[in-house]
Amino acid sequence: MPVWLREYSWRQTGSVVFLSLPLRGVRVTAANIFCTDRYLKVSIPPFLFEAILYAPIDDTNSTAKIGNGIIFFTLYKKEVGMWDSLTLENASKEKLQYLRENAVLKAHEKAKEETEAKKVTKQEHKKYALEATMKIEEAERKRIEDLKEQERQKVIKKLELWESQQKGLEKQMRVQKERELSEEVQQLKEKKKEKISKTRIPNEEPSKTRLKPAKGHGSYSMFSENLKEEQLPAPRSAGTIKINFTSRVFPTALRESRVAEEEEWLHKQAEARRTVSADLSELEDLKEEEKNPDWLKDKGNKMFATGNYLAAVNAYNLAVRLNNKLPLLYLNRAACHLKLRNLHKAIEDSSKALELLKPPVPDNENARIKAYVRRGTAFCQLELYAEGLQDYEAALKIDPKNKTIEKDAEKIRHIIQGTIQNS
Amino acid sequence: ERPQVVSHVQQALSYTLFDCKWVPRSARLLCLGSAARGTGVVQLYELRGGRLALLREIEKAKPIKCGTFGAASLQQRYLATGDFGGNLNIWNLEAPEIPVYSVKGHKEIINSIDGVGGLGIGEGAPEIVTGSRDGTVKVWDPRQKDTPVANMEPVQGESKRDCWTVAFGNAYNQEERVVCAGYDNGDIKLFDLKTMSLRWETNIKNGVCSVEFDRKDVNMNKLVATSLEGKFHVFDMRTQHPTKGFASVSEKAHKSTIWQVRHLPQNRDIFMTSGGAGSLHLWKYEYPAQRSKKDSEGAEMGVAGSVSLLQNVTLSTQPISSLDWSPDKKGLCVCGAFDQTVRVLIVTKLNKV
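In the order they appear, the protein sequences are chains A and B. For what it's worth, the numbering used here labels the leading residue of the first sequence as 11, then goes sequentially. For what it's worth, the numbering used here labels the leading residue of the second sequence as 32, then goes sequentially.
Honestly, I wouldn't trust all of these hints.
Straight-line Cα separation of at most 30 Å, DSBU-like style, residue types lysine-lysine; simulated pairs [unchecked claim]:
(1) Lys168/A / Lys361/B
(2) Lys122/A / Lys88/A
(3) Lys286/B / Lys383/B
(4) Lys383/B / Lys158/A
(5) Lys380/A / Lys413/A
(6) Lys158/A / Lys283/B
(7) Lys361/B / Lys181/A
(8) Lys91/B / Lys177/A
(9) Lys202/A / Lys176/B
The following residues of chain B were derived to be distant from chain A, with all beta-carbon distances above 12 Å [said to hold, decoys possible]:
(10) Gln42
(11) Thr70
(12) Glu90
(13) Lys138
(14) Arg299
(15) Glu317
(16) Lys325
(17) Ser327
(18) Glu331
(19) Met332
(20) Phe369
Hints listed in this document are in silico derivations from the structure and should not be mistaken for laboratory results. Note that the structure is predicted; figures quoted are calculated from it, not measured. Beta carbons: idealized from backbone N, C-alpha and C, even for Gly.
Model the full assembly from the supplied sequences, consistent with the hints where possible.
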């Protein structure tokens, strides 16, 4: 329940009402005062003062002065006239309620309008500022353009002067050339005359001294060049310099190399060689060399060459147990399985080899081609021609120039087309 | 005030432009390239007023990659060209039907050509050097038919690397001459023609697009080598250390392949580089306080200076593949880009640099 403040005093003139409201011991701020044109409220919990004004006031211009424990209102009346009292006495409860709400609404609307107006002015200010900066920048740009234009004009004038100079020079040179040519012609004619008079072999000479007009001016000046040749040194004696180009681990220029991938591959290889899958308990009876995967690989290769495929597989198996990261072991074992017609195992091994042969670099090209071809063959022998063709095409992509792979791929395509037609 | 690059004339062409060169002692320029139908094109333009007037157009069997006037005398001004078929031809532009000199010098395209001994610059015999995709660099004398006077080729069995650029240098008297060649794997090799030996080699990791000495006709002073991936190196060639070679400073620019470097004929410390994004950068080299110093064993080694950017400008979206300064007018240059336009530019205020 609010505490109503009823101690107030007021006086009036024809156009103004002065109202003073004492508030002891409470702090008042502007937020506590609420005023519309017919309603005035001061609410400082728990204190409350409200007044339904006798007549409307101009609430925008009215003021409230807060200080010294008292609020002093100066309310400007809308219509000049003396009020009987500050508040409307006979206000019913509903009317009061209605007035209150009305007041609040009005205040809201006013606030809204004010914000709108503010926004609009802000926008206009911004626009103005923008236009001003644009103008300044334009002016700056224009100034620079003008400077450049001036430069250009100056320079072009100089250039035109120079051009006409050059033309003059050209004419001079041409005249000189003609003069020289005519001199040459005279000289040679005289020489010819001499020669004819001196020797009696006119047939041989003319070929040397005859002037070939078809060649044009060039030949005349070439003759004059010959006369001057004593001043120039003779052509250099032929020599050859053999050169070497900077070597690189991978023979590609920096722009072509995929250094990152190649580093990765080298790293992997180094790693693979180092790993030794430890299974030492069983392998104790093996001889020293039999524990070396490379030696076992060589053994396997030899046995494959002689046709002893089962033994080769055994050798490779052991090698894999010792070091399961060498792709070549799986590759060669796949070849054995193919020969033994263990097609599924062949596919498995080729796949494992391909996995280990990532990343794809020129270094492991050959190995990858072999892996794809072997897997492709296995698929075809299992009559999975589509997969087989895929692998052959992958091999072809790596080495497009290989004729055997191309031929085999063609064969598979024919078979596939044949089966589609038949079924 | 910094030098400004002013674009004077722009001319659209109907063929791919590979090389553009000023004709010495004139206001004319030459454009070399490849037409759409696979033939070579040589066009001669003259600078008139604010435009280029086409004086002559010559069509040849094979597309032409590069050309130089370097070995021609001032009166004759014969053009030496290298084409896509590996042929070296020297043409008299007044009578271009038949070449004055012709040889099938290489098995593959001639990527780069340079000439020395002509134009009143330098001393000694006129010679032309060509570098080709077949990995060889050959030096030719127009007075000797069919065989090169020097041949720099890979050792038997060595896999070859494309030679992308060649340049003559050190031609300060009748005997001395060097050829510098850059390859696509980043090798730079310096061949001494007087002793017929390899004088120096190094590798800058990225393919070398262009090399040039600051002057061909003086004791080797500086060499600029540009490469892929936006880097170029300036080597100080006055002091060669027995193991470390030549000192160098390198700079990153253009953010793309640097296609060409060309030194200003009138000032050997200013050069322009052209990039794959269609931009041109103008640089100035500053020498260090001391150009050589002694290392721990007492051997002389060079000290590289520093390079500062004077100006840059972007002209095109396509690479600017060729660049040439006019030897007669300071600051006048022509550049050709892969957007089939040739542009004549003027660089101002070079006197005050």
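(request) Would you assess whether Gln42/B, listed as outside the interface, keeps its beta-carbon beyond 12 Å of every beta-carbon in chain A? (result) holds, 16 Å
(message) For Lys168/A and Lys361/B, compute the direct alpha-carbon distance and say whether it is at most 30 Å.
(response) With a Cα-Cα distance of about 11 Å, the restraint between Lys168/A and Lys361/B holds, given a limit of 30 Å.
(message) If we take the beta carbon of Met332/B, is the closest beta carbon in chain A still more than 12 Å away?
(response) holds, 22 Å
(message) Hinted pair, alpha-carbon criterion (30 Å max): Lys361/B, Lys181/A. Please report holds or violated.
(response) holds, 22 Å
(message) Is the claim that Glu331/B lies outside the interface with chain A correct, judged by CB distances over 12 Å?
(response) holds, 26 Å
(request) Would you assess whether Phe369/B, listed as outside the interface, keeps its beta-carbon beyond 12 Å of every beta-carbon in chain A? (result) Check passes; 19 Å lies beyond 12 Å.
(message) Beyond 12 Å on every Cβ pair: is that true for Glu90/B relative to chain A?
(response) Given a closest Cβ separation of 19 Å, the condition holds.
(message) Does Glu317/B clear chain A by more than 12 Å, comparing its Cβ with all Cβ atoms of that chain?
(response) Given a closest Cβ separation of 26 Å, the condition holds.
(request) For the pair supplied as a hint, Lys122/A and Lys88/A, confirm whether the alpha-carbon distance does not exceed 30 Å. (result) Holds, because 23 Å separates the two Cα atoms, which is no more than 30 Å.
(message) Checking a non-interface call: every C-beta of chain A should be farther than 12 Å from the C-beta of Arg299/B. Is that right?
(response) Holds, because the least Cβ-Cβ distance between Arg299/B and chain A comes to about 22 Å, which exceeds 12 Å.
(message) A cut-off of 12 Å on Cβ-Cβ distance, and Lys138/B was said to be off the interface with chain A. Does that hold?
(response) holds, 16 Å
(message) Next pair to validate is Lys202/A with Lys176/B; report whether the Cα-Cα distance is within 30 Å.
(response) This hinted pair holds, its Cα atoms lying about 28 Å apart.
Hint violations for this structure: none, all hints satisfied.
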